[in-house]
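Those protein sequence lines, which keep their order, are chains A, B and C. In terms of our numbering, the first sequence opens at residue 1 and continues consecutively. In terms of our numbering, the second sequence opens at residue 1 and continues consecutively. In terms of our numbering, the third sequence opens at residue 1 and continues consecutively.
In case anyone wonders, no lab produced these hints; they're calculated from the structure. Note that beta-carbon positions come from the ideal geometry of N, C-alpha and C, so glycine has one too. Certain hints may be false.
As the list claims (entries may be wrong) - Label-pair ranges, simulated between beta-carbon atoms:
{"hint": "1", "chain 1": "C", "residue 1": "Asp-71", "chain 2": "B", "residue 2": "Asp-39", "range": "55 to 61 Å"}
{"hint": "2", "chain 1": "C", "residue 1": "Gly-54", "chain 2": "A", "residue 2": "Ala-95", "range": "53 to 59 Å"}
{"hint": "3", "chain 1": "C", "residue 1": "Arg-205", "chain 2": "B", "residue 2": "Gln-7", "range": "42 to 48 Å"}
{"hint": "4", "chain 1": "C", "residue 1": "Ala-148", "chain 2": "A", "residue 2": "Ala-95", "range": "38 to 44 Å"}
{"hint": "5", "chain 1": "C", "residue 1": "Gln-173", "chain 2": "A", "residue 2": "Ala-119", "range": "23 to 29 Å"}
{"hint": "6", "chain 1": "B", "residue 1": "Asp-88", "chain 2": "C", "residue 2": "Tyr-85", "range": "22 to 28 Å"}
{"hint": "7", "chain 1": "B", "residue 1": "Asp-88", "chain 2": "C", "residue 2": "Gly-174", "range": "34 to 40 Å"}
{"hint": "8", "chain 1": "C", "residue 1": "Gly-174", "chain 2": "A", "residue 2": "Ala-119", "range": "19 to 25 Å"}
{"hint": "9", "chain 1": "B", "residue 1": "Met-1", "chain 2": "A", "residue 2": "Asp-92", "range": "38 to 44 Å"}
{"hint": "10", "chain 1": "C", "residue 1": "Arg-21", "chain 2": "B", "residue 2": "Gln-7", "range": "17 to 23 Å"}
{"hint": "11", "chain 1": "A", "residue 1": "Asp-92", "chain 2": "B", "residue 2": "Gln-7", "range": "23 to 29 Å"}
{"hint": "12", "chain 1": "B", "residue 1": "Asp-88", "chain 2": "A", "residue 2": "Leu-48", "range": "40 to 46 Å"}
As the list claims (entries may be wrong) - Simulated pairs of lysine to any residue, SDA-like, Cα-Cα distance not exceeding 25 Å:
{"hint": "13", "chain 1": "C", "residue 1": "Lys-271", "chain 2": "C", "residue 2": "Val-441"}
{"hint": "14", "chain 1": "C", "residue 1": "Lys-271", "chain 2": "C", "residue 2": "Ser-406"}
{"hint": "15", "chain 1": "B", "residue 1": "Lys-115", "chain 2": "C", "residue 2": "Gln-128"}
{"hint": "16", "chain 1": "A", "residue 1": "Lys-139", "chain 2": "B", "residue 2": "Lys-115"}
{"hint": "17", "chain 1": "A", "residue 1": "Lys-25", "chain 2": "B", "residue 2": "Ser-89"}
{"hint": "18", "chain 1": "B", "residue 1": "Lys-115", "chain 2": "C", "residue 2": "Tyr-122"}
{"hint": "19", "chain 1": "C", "residue 1": "Lys-106", "chain 2": "C", "residue 2": "Thr-133"}
{"hint": "20", "chain 1": "B", "residue 1": "Lys-126", "chain 2": "A", "residue 2": "Val-22"}
{"hint": "21", "chain 1": "A", "residue 1": "Lys-139", "chain 2": "C", "residue 2": "Lys-271"}
{"hint": "22", "chain 1": "C", "residue 1": "Lys-180", "chain 2": "C", "residue 2": "Arg-21"}
{"hint": "23", "chain 1": "B", "residue 1": "Lys-55", "chain 2": "A", "residue 2": "Glu-145"}
{"hint": "24", "chain 1": "A", "residue 1": "Lys-133", "chain 2": "A", "residue 2": "Phe-152"}
{"hint": "25", "chain 1": "C", "residue 1": "Lys-109", "chain 2": "B", "residue 2": "Ser-89"}
{"hint": "26", "chain 1": "B", "residue 1": "Lys-55", "chain 2": "C", "residue 2": "Lys-271"}
{"hint": "27", "chain 1": "A", "residue 1": "Lys-136", "chain 2": "B", "residue 2": "Ser-89"}
{"hint": "28", "chain 1": "B", "residue 1": "Lys-115", "chain 2": "B", "residue 2": "Asp-4"}
{"hint": "29", "chain 1": "C", "residue 1": "Lys-131", "chain 2": "A", "residue 2": "Lys-133"}
{"hint": "30", "chain 1": "A", "residue 1": "Lys-25", "chain 2": "B", "residue 2": "Glu-26"}
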Amino acid sequence: MIPEQTLEALTNGFGHMGSASVDLKTAHTDTLSASVDPANDTVTSFVLSFLAGPVLENFKSTGRVSYFVGLPSHESYQFKGQFIETRQLTEDELAHSEQFRNAAQENLVGMGIPAEPAAQLFGTAPDLGITFKVEKIFKQTPGPEAGQELPFN
Amino acid sequence: MITDEHQPCLQGMFPSWLTTCSAAGEPNTTVISQIWYVDEEHVALSFQFFNKTKKNIAENPYAFATIVNPGTLEMYNLELEFDHSETDSELFDDMDMKLEAIASMSGMSGIFNLKAADVYKVKSLKELGS
Amino acid sequence: MPNDASATAADQIQLNDLTKRLERKTKEVEIIQQVSSKINATLDLENIAKAMLGLMDEFFGFQHAMILLLDEGEEALRVLATHGYDEEGVGARVKVGMGVIGMVAKRRKLMRMANLGQQRAYMQTIRQQVKQTTDTELQDEVPLPGLADVESQVAIPMMLEEELVGVFSVESQGVNIFDKGDEMLIGILANQAAIALQHARLFQREQQRLQELNEAHCELADLNANLEQKVEERTAELLELSAKLAKYFSPQVYDSIFSGKLDVTIQTQRKPLTVFFSDLQGFTELTERLEPEVLTELLTHYLTEMSEVAIRWGGTIDKFIGDAILVFFGDPVSKGNREDAVACVSMAVEMLERLESLRSFWRERGVARPLNVRIGIHTGVCTVGNFGSEDRLDYTVIGNGVNLASRLESNSDPNQILISEDTYLLVKQHVRCEQGEAISVKGVSHPVQTYQVIELVNASARKDTKLEEVIPGLSLALDPFSLEDHEAARQLLSTALKWLKPKVKKSRGKK
Numbered sequence: 001m002i003p004e005q006t007l008e009a010l011t012n013g014f015g016h017m018g019s020a021s022v023d024l025k026t027a028h029t030d031t032l033s034a035s036v037d038p039a040n041d042t043v044t045s046f047v048l049s050f051l052a053g054p055v056l057e058n059f060k061s062t063g064r065v066s067y068f069v070g071l072p073s074h075e076s077y078q079f080k081g082q083f084i085e086t087r088q089l090t091e092d093e094l095a096h097s098e099q100f101r102n103a104a105q106e107n108l109v110g111m112g113i114p115a116e117p118a119a120q121l122f123g124t125a126p127d128l129g130i131t132f133k134v135e136k137i138f139k140q141t142p143g144p145e146a147g148q149e150l151p152f153n
Numbered sequence: 001m002i003t004d005e006h007q008p009c010l011q012g013m014f015p016s017w018l019t020t021c022s023a024a025g026e027p028n029t030t031v032i033s034q035i036w037y038v039d040e041e042h043v044a045l046s047f048q049f050f051n052k053t054k055k056n057i058a059e060n061p062y063a064f065a066t067i068v069n070p071g072t073l074e075m076y077n078l079e080l081e082f083d084h085s086e087t088d089s090e091l092f093d094d095m096d097m098k099l100e101a102i103a104s105m106s107g108m109s110g111i112f113n114l115k116a117a118d119v120y121k122v123k124s125l126k127e128l129g130s
Numbered sequence: 001m002p003n004d005a006s007a008t009a010a011d012q013i014q015l016n017d018l019t020k021r022l023e024r025k026t027k028e029v030e031i032i033q034q035v036s037s038k039i040n041a042t043l044d045l046e047n048i049a050k051a052m053l054g055l056m057d058e059f060f061g062f063q064h065a066m067i068l069l070l071d072e073g074e075e076a077l078r079v080l081a082t083h084g085y086d087e088e089g090v091g092a093r094v095k096v097g098m099g100v101i102g103m104v105a106k107r108r109k110l111m112r113m114a115n116l117g118q119q120r121a122y123m124q125t126i127r128q129q130v131k132q133t134t135d136t137e138l139q140d141e142v143p144l145p146g147l148a149d150v151e152s153q154v155a156i157p158m159m160l161e162e163e164l165v166g167v168f169s170v171e172s173q174g175v176n177i178f179d180k181g182d183e184m185l186i187g188i189l190a191n192q193a194a195i196a197l198q199h200a201r202l203f204q205r206e207q208q209r210l211q212e213l214n215e216a217h218c219e220l221a222d223l224n225a226n227l228e229q230k231v232e233e234r235t236a237e238l239l240e241l242s243a244k245l246a247k248y249f250s251p252q253v254y255d256s257i258f259s260g261k262l263d264v265t266i267q268t269q270r271k272p273l274t275v276f277f278s279d280l281q282g283f284t285e286l287t288e289r290l291e292p293e294v295l296t297e298l299l300t301h302y303l304t305e306m307s308e309v310a311i312r313w314g315g316t317i318d319k320f321i322g323d324a325i326l327v328f329f330g331d332p333v334s335k336g337n338r339e340d341a342v343a344c345v346s347m348a349v350e351m352l353e354r355l356e357s358l359r360s361f362w363r364e365r366g367v368a369r370p371l372n373v374r375i376g377i378h379t380g381v382c383t384v385g386n387f388g389s390e391d392r393l394d395y396t397v398i399g400n401g402v403n404l405a406s407r408l409e410s411n412s413d414p415n416q417i418l419i420s421e422d423t424y425l426l427v428k429q430h431v432r433c434e435q436g437e438a439i440s441v442k443g444v445s446h447p448v449q450t451y452q453v454i455e456l457v458n459a460s461a462r463k464d465t466k467l468e469e470v471i472p473g474l475s476l477a478l479d480p481f482s483l484e485d486h487e488a489a490r491q492l493l494s495t496a497l498k499w500l501k502p503k504v505k506k507s508r509g510k511k
């Protein structure tokens, strides 16, 4: 059961999904929100396929996933687990992503980032979902507890 | 490889994110506040705590980083390879100074101890989307 | 083949660009020169600083800036001047090592910050975490002078010959406002400022010293004005003190001291002195029988009376030891050995007379037992002067002469004056004496011949010229010396004789 406290960051935080190749070279890609399947303890992140290539290749060869999500408040978590599959995103998921992307733009502008680049960056809707099974969750909020495992199940 | 164009990305004005992996191939992704410019071919990370990243690098020197231009939101991916750690250099002093200045403003002097400046070689630098 | 037109266009653009940059550079140099000269025109510390900051806004658009100086103790900086802040903030303190300015001072290195807001927010998160999840004691967040919502900042150490003078800080609420060019500019100005400030500081110190001197001068003038009054006050104090001291010194010694003739230090000298010793016989019994109040009154009365006599005859009262009196003649003032000795004996005689009246006085008061005095007088060389320690000096006389006078006194009969041969030889023309016994005295190798005083010669001479007789019915006192009207006296006596003419008896018979 993925802890409720992580849901906000998962679904509304800035996310980066990481992977490793067989020869230990790493790659990551940004996500534009994610959805959670609590029954199966899986997470599906929303990505832009044209950017996610190298990461997907790694998932197919090694299958190990790291997923960092963080809110503007700096509350953050890292999920680790096993790649399951890629899939299409649902209407709901797309709608949620749009919500997230709009909010993200506002956030950035609030941080002093010019509106145009922010719009460019978050203007495109994701077209792919990457699903993985969550095995471990770690707290990543900056502070003395960063790196501590968040028990679940 | 690193030019003036990239300088704004290395000021700590926008976070960077970094992925490393263990010898067993287990990836670890984290967000850091700054990747420091050393020279055209090198960048540095501040080593403050013994964390997963540090552990991974000890086993496997390769890392992948993304830096962001805070004004344009242009992003660049860097393939990195750990080179060496510094404790007695201008780089270290600059890092330490900045850390201490900010920490002291929040009443946290002495809580952050910069252990070293970890210097990485930049193997490749590509703009995102290219 | 390259298009000539486009090549020329490109060259032109580059040329324009370079020209612009050169113009800017020139302008910058001009401005720097102007600012520098304005800075160096004045020597007032705060005014220089304020002027500088104003100029920096005027020429370069640095809207919020401040200059801080390193404190003497080198532990903190103090705001000297500000520009573009709501509150002056002058005098506000920044600890070395605290915040951007504090770190710049600590490391003597410039710092350029671009997004302080974000950095601090990050730190705050951690601070919260630390507070919530650990027991770590955190320091209080100290408010630092500057913009509350500062984002960009350039802080430069002002150095002068390897020494840190202070810190120059420029702030902005915009993110990433300052660039390397600004760094350089501020750096140049900071240098200029350091020099100017150092000069001004030195000048200020000189001014301060001058002011201190002036103040000291005024104080001195004040003091002089008050001096007279102080002298008066002090003199009054001294007089009071000396009046108190007078009780403890014999008048002659006291006068000597205060006239300056006798120096109050430990000084002694050997001189011929006539020493007088007396004590009351029977006094010890009185102490047992009389009330303490009555005894005190009696003793005081006696000593007062005797002192008065001594002073009148010019003797130096050495001390009273209970009922005993020690007086000496010849120091600090001397009329000559002979005169001193005669005066001493005369004094002793008058003391005896005085004691007689005291006796009747006390008898009437209920002291039945008569007071008798024994007196001894000797003339000889004694050591006289101030004896004792630096704090407590006693003006007294010591020596064998004193011992001898004392021995004479003990050998004297009640109400008698016993003198030594040395004294006798000096006074015999003025005092009629009877030879007494020779007594042995410790410290004197041969027995000392003593003499008992009978009467003063003048007095007895005078006595011979007086006629005083009392018989029942007739009381006659005739002193021709003091008789003014001899004729009247003769008349009186004649009348008296007529009264006393014997009665003539008529005889009967024989013729």
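Hints and how they fare:
no.: 1; hint: C/Asp-71 <-> B/Asp-39: 55 to 61 Å; verdict: 39 Å, violated
no.: 2; hint: C/Gly-54 <-> A/Ala-95: 53 to 59 Å; verdict: 57 Å, holds
no.: 3; hint: C/Arg-205 <-> B/Gln-7: 42 to 48 Å; verdict: 45 Å, holds
no.: 4; hint: C/Ala-148 <-> A/Ala-95: 38 to 44 Å; verdict: 40 Å, holds
no.: 5; hint: C/Gln-173 <-> A/Ala-119: 23 to 29 Å; verdict: 24 Å, holds
no.: 6; hint: B/Asp-88 <-> C/Tyr-85: 22 to 28 Å; verdict: 39 Å, violated
no.: 7; hint: B/Asp-88 <-> C/Gly-174: 34 to 40 Å; verdict: 36 Å, holds
no.: 8; hint: C/Gly-174 <-> A/Ala-119: 19 to 25 Å; verdict: 21 Å, holds
no.: 9; hint: B/Met-1 <-> A/Asp-92: 38 to 44 Å; verdict: 43 Å, holds
no.: 10; hint: C/Arg-21 <-> B/Gln-7: 17 to 23 Å; verdict: 19 Å, holds
no.: 11; hint: A/Asp-92 <-> B/Gln-7: 23 to 29 Å; verdict: 42 Å, violated
no.: 12; hint: B/Asp-88 <-> A/Leu-48: 40 to 46 Å; verdict: 44 Å, holds
no.: 13; hint: C/Lys-271 <-> C/Val-441; verdict: 21 Å, holds
no.: 14; hint: C/Lys-271 <-> C/Ser-406; verdict: 18 Å, holds
no.: 15; hint: B/Lys-115 <-> C/Gln-128; verdict: 23 Å, holds
no.: 16; hint: A/Lys-139 <-> B/Lys-115; verdict: 23 Å, holds
no.: 17; hint: A/Lys-25 <-> B/Ser-89; verdict: 29 Å, violated
no.: 18; hint: B/Lys-115 <-> C/Tyr-122; verdict: 20 Å, holds
no.: 19; hint: C/Lys-106 <-> C/Thr-133; verdict: 32 Å, violated
no.: 20; hint: B/Lys-126 <-> A/Val-22; verdict: 22 Å, holds
no.: 21; hint: A/Lys-139 <-> C/Lys-271; verdict: 110 Å, violated
no.: 22; hint: C/Lys-180 <-> C/Arg-21; verdict: 15 Å, holds
no.: 23; hint: B/Lys-55 <-> A/Glu-145; verdict: 17 Å, holds
no.: 24; hint: A/Lys-133 <-> A/Phe-152; verdict: 13 Å, holds
no.: 25; hint: C/Lys-109 <-> B/Ser-89; verdict: 14 Å, holds
no.: 26; hint: B/Lys-55 <-> C/Lys-271; verdict: 109 Å, violated
no.: 27; hint: A/Lys-136 <-> B/Ser-89; verdict: 39 Å, violated
no.: 28; hint: B/Lys-115 <-> B/Asp-4; verdict: 29 Å, violated
no.: 29; hint: C/Lys-131 <-> A/Lys-133; verdict: 34 Å, violated
no.: 30; hint: A/Lys-25 <-> B/Glu-26; verdict: 11 Å, holds
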